[in-house]
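Asks: The chain contents come next:
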Amino acid sequence: MNDLVSVVHAALRMSTPIVYAALGGLIAEGAGVVNIGIEGIMLAGAFVCLVAAWLSGSLWLAALAAGAAGAVLSVLFALLAVRMRANPVVVGLGLNGLVAGGIAYIMQVYFKVRGAFAPPGVTGLPRWDLGPLAKVPFLGPVLSGHTPLVYLAGVTAVATWLILYRTRFGLWLRAAGEEPEAARAAGIPVPRVQTLALVLCGVITAIGGIQLSLGDLTRFNEGMTSGRGFIALAAYYFGQRQPGPTVAAAGLFGFFQALQIRLQSTGYPPQLVQTLPYLIVVLTLSLIAWRRLAIQRRWQRAALQRYRTDAPGH
Amino acid sequence: MAEPTASPPAPSPSHWRTQLALATAWSTGVTFAGALALTALVLWLTGQPVFGTFALMLRTALGSKVGLADTLLQATPLILCGLACAVSFRAGVFNVGVEGALYLGAFAAAWTGFTFVGLGRLPLIAACLVAAAVVGALWLAVPAALKAYLDVDEVVSTLMLNYVALSVTSYLVNYPFRAPGLANSMSPAVAEQARLTRLLPPSQLNASLILALLLTLAVAWMFGRTRLGVSIRTLGNNPRFARVMGIPVPRLMVLTMLLSGAIGGLAGGSQVLGVNYRFIDGFSPGWGFDGITITLLARHNPWGILVTALVFGMLRNGGGMIQVFSKVPISIVDILQAAVILLVTAQVAVPSLRRATS
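Protein chains in written order, with my numbering: chain A, 51 to 364; chain B, 2 to 359.
Honestly, the hints are just simulated from the structure, not real lab data.
Check before you lean on any hint, since a few could be wrong.
[Said to hold, decoys possible] Selected chain B positions facing chain A (Cβ under 8 Å, derived; list incomplete): (1) Leu162; (2) Val169; (3) Thr235; (4) Ala339; (5) Val345; (6) Thr346; (7) Ala347.
Quick reminder that beta carbons are idealized off the backbone N, C-alpha and C, glycines included.
Bound-form chain A, shown alone:
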């Protein structure tokens, strides 16, 4: 029981950056731009907020700086992928490389360190104690004692759903993603909608990065996102591009990560658990495609049947 509590507690903590990145990626994907640059944007968020917290001493300014970094990178992404019609997958790869290389460069030139950066005197995010609620069996200890970002992840998920399904912008966004030609014909400024979606994606993803460098630890390691951006990608594909299921998928993958760390101490190979999110996604996509094909075939058969029975002369 105690084991389960601590694993689920860790799962919530570890799924948080994935939830943010998955929601961000979902928004970009919804607008029709696949953004694998979320890996790099998350890394940038983690780095910038730590530097900002160190320089200013304010966590608010740190969060603001991370969000701004995410926005700037997203504008660059949008400029290339939307305005200059570059292939978004390639731009995403380039953005990830640029961020990783740029951070390593900055660390070495300005902070004279390589690999990791741990400035002294930075206080990380506070852990919120839920007070009397923490006494509730199981749920209390699982939910209590997290950084504000963990709780804010839920708010962000609801906000994402509201934006996508209850605002005009969300309608435009989905139209731009599903039928860009029709959306353009209907007078929707598709490039502008996509750019805005990407910026939103960048800000949310970068905020998620804060959890890595000011939440779990107060330091930055090169490559500390270690594929979380791609797990986020897997999460929203597994969640079939719906905010609710996406958050659930991100939670599941966070649970895998927590489980893997726990199993490591028992000597179980962690690498095999690491493959799970990716295998699940390939499997899900295949099942969806297979079902789509089956439905298509059934329609075709039904149409043929109707033609045979209704057509004159038969």
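Given chain A, put chain B in place with the hints provided.
Replies: The following block gives chain B in isolation, referenced to the frame of chain A:
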């Protein structure tokens, strides 16, 4: 009586080929110049020597026999990965799974090399390379079939499978095949006779460069002179036309991805047999992804891939040295390379031609 004016001769196919080659060279040059300018800006803004850095890189990468050999050494996996990506990209299949095929191919070569130690030199090397190619091809067979028969997006499936390949090989060399007595996670070493000949001894440059050159020739011949190549190009240029022409589209898609996986597997295998002599956990610095950039820059032209891979190899080799001889971090090369990737598919240079490749 006026003589009938001779109409200008109709442009020959070779004329168009020259034009296309020039356009490719031009846009590749523009992309590269843009990336160099951005890198120079970064250096200048952060108070580092701009020309000094580039000059140092060029001097170390090309200035000596060893430097040149190391440049070729760095270029070898890049040539192979560029070709691997080109084969499927040219057919319009956006396969980003070469990195995964590279890892599994490398492991297959290493396993063959440390298991069948009783074989002679040539049979063992051949067996290792065949194993690498076959395993690489089989690895991409799954996303290939999913793409061809179920229309599952190959970008997502191959991207995801890269991470599976990385984890699976990492598991293999950490648990069942871990070399005893070594601190790092790596497989046992391959047999002496499986190791490829070094070409210029102080450098690790080895016979896999020859393999890369032969494959460049083979892919160029395949694209230009065979039915398969014409079918691939037709499919890449216009899938609907290809279908109407009676080209078996799903089967061809699978075939191109199998070829791509085989070449990617060879890239990994040749690194094991030529440089590392064993499988090392996470040994690739992203060659499979660099292959994407290289083939896009070269517009899937094998000879263009050769040239582009050499330039990238030069950057990698020169970058390694600037860290030693100046205060400029090696990550400036990552920045330069990322700038190339960011710009490579952007429609800046020759818009009318861009559409065909993206």
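Asks: Work down the list of hints and note, for each, if the structure agrees.
Replies: Tested hints:
1. Leu162: holds, 7 Å
2. Val169: It holds, given that the least Cβ distance between valine 169 of chain B and chain A is near 6 Å, below 8 Å.
3. Thr235: violated, 21 Å
4. Ala339: holds, 3 Å
5. Val345: holds, 6 Å
6. Thr346: holds, 4 Å
7. Ala347: holds, 4 Å
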